[in-house]
Amino acid sequence: MKRQLPTDLAQAVFRFFQDYLPAQRGLSLHTIRSYRDSLMLFLRYLTENSGRKIDRLQLNDFTADHVIRFLAHLEAERKNTVTTRNIRLAALHTFARFLCGHDPEHMLIFQGTLNIPFKRGARRVPIDYLEADEVEALLAAIDRTTGSGRRDYALFATMLNTGARVQEILDLKARDIRFDPPHQVRFTGKGNKVRLCPIWESTAQLLHHLVCNADNPDQSDQSVFRNRRGEPLTRFGVRYLLHKYLPEHSGQGSHDAARRPHPHCLRHYLPFLIMSGELD
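Reminder that position 49 of the sequence shown reads as 49 in full-length UniProt numbering, one-by-one numbering, no gaps.
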């Protein structure tokens, strides 16, 4: 069987993420992950609409017309906000600018993408948070008799307790957790800034049970929240789980069926409790 060589697009994507973003631009891991997510969504869109496998896509598929259709797809089909649409476009602009400097032969194609403007009129969206009854419905829907259920319960409990970013939660290692009083976790945020966050005793117990019952409990550098293959959960995975346990039309609580819950909602639950006087 004849071996297929990597396409020009595959080689460009590799250089973009392995050298250009981390080494030449010096971007943080969080920013690189955001670019990765944006490019992955675009490539997946191209695959679904071209009928070709993702490993057969070429640089000449990276056209302004395809990008414009992709952006429309984000708003119409995925219900993304204008802000999210512009974030995706910014990542594609960066990739196109990188390609202009590394593949002048296709520069005319890439400049078309660079000429796509950001969409104006994006309004600041009011802070979303889950009501108390919605949080109760979310946690009550999880089957804690299974290993995955205990993981999911600990995941959402930690998110609700700390108000940390989703990626900070997913980057959490066993060594970052202090199980003895005072209970706390160590997060590494944007710009590799480290901060300590106190957690409730109940949350510490959930995390301790999860870590101690892992396949390799002695490995302090392993991710706390992993999938069935032992790989760290992704942000897409967390969104899937949230929709699974708190679906759009569940009819539970006061959740607005016109919007789907998103992981960022969980960040604002703790401040909501404090401001409402339900927590000191």
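Keep in mind that a hint or two might mislead.
Distance condition first, Cα-Cα at most 30 angstroms in a straight line; then the derived DSS-like pairs of lysine-lysine [as the list claims (entries may be wrong)]:
| # | residue 1 | residue 2 |
| --- | --- | --- |
| 1 | K244 | K190 |
| 2 | K53 | K79 |
| 3 | K190 | K79 |
| 4 | K193 | K173 |
| 5 | K244 | K173 |
| 6 | K119 | K173 |
Restraint-style ranges between C-beta atoms, simulated for each label pair [said to hold, decoys possible]:
| # | residue 1 | residue 2 | range |
| --- | --- | --- | --- |
| 7 | L196 | Q111 | 42 to 50 angstroms |
| 8 | D8 | H262 | 23 to 31 angstroms |
| 9 | G147 | R120 | 42 to 50 angstroms |
| 10 | P104 | S50 | 33 to 41 angstroms |
| 11 | I54 | Y240 | 44 to 52 angstroms |
| 12 | I116 | T146 | 44 to 52 angstroms |
| 13 | H262 | R56 | 44 to 52 angstroms |
| 14 | Q205 | P104 | 23 to 31 angstroms |
| 15 | D65 | S202 | 48 to 56 angstroms |
Because the hints were derived from the structure by calculation, they are not lab data.
All C-beta atoms, glycine included, are put in the ideal place defined by N, C-alpha and C.
Evaluation of the provided hints:
With a CA separation close to 29 angstroms, the supplied pair K244 and K190 stays within the 30 angstroms bound. As the CA atoms of K53 and K79 are separated by approximately 25 angstroms, the hinted pair is consistent with the 30 angstroms bound. About 27 angstroms separates the Cα atoms of K190 and K79, which keeps this hinted pair within 30 angstroms; it holds. In summary, the hint linking K193 to K173 is supported, as the alpha carbons are separated by about 16 angstroms, within the 30 angstroms threshold.
Straight-line distance between C-alpha atoms of K244 and K173 comes to about 25 angstroms, which keeps the hinted pair within the 30 angstroms bound. Only pairs whose Cα atoms come within 30 angstroms are accepted, and K119 paired with K173 is rejected, the gap being roughly 39 angstroms. Taking the beta carbon of each, L196 and Q111 are about 47 angstroms apart, inside 42 to 50 angstroms as hinted. The hinted range of 23 to 31 angstroms is not satisfied by D8 and H262, whose Cβ atoms lie roughly 36 angstroms apart.
Remark: the range hint 42 to 50 angstroms for G147 to R120 is upheld by a beta-carbon distance near 48 angstroms. In this structure the hint that P104 and S50 lie 33 to 41 angstroms apart at CB is violated, the actual value being about 25 angstroms. Range check, I54 to Y240: Cβ separation about 20 angstroms, and the 44 to 52 angstroms hint is violated. Range check, I116 to T146: about 46 angstroms between beta-carbon atoms, so the 44 to 52 angstroms window is met.
Against the hinted window of 44 to 52 angstroms, the Cβ-Cβ separation of H262 and R56 comes to about 33 angstroms, which falls outside the hint. Judged by the Cβ atoms, the range 23 to 31 angstroms given for Q205 and P104 is violated: they are separated by roughly 59 angstroms. Taken as a hint, the range 48 to 56 angstroms holds for the pair D65 and S202, whose Cβ atoms sit roughly 53 angstroms apart.
Hint check: violations occur at hints 6, 8, 10, 11, 13 and 14; the rest are consistent with the structure.
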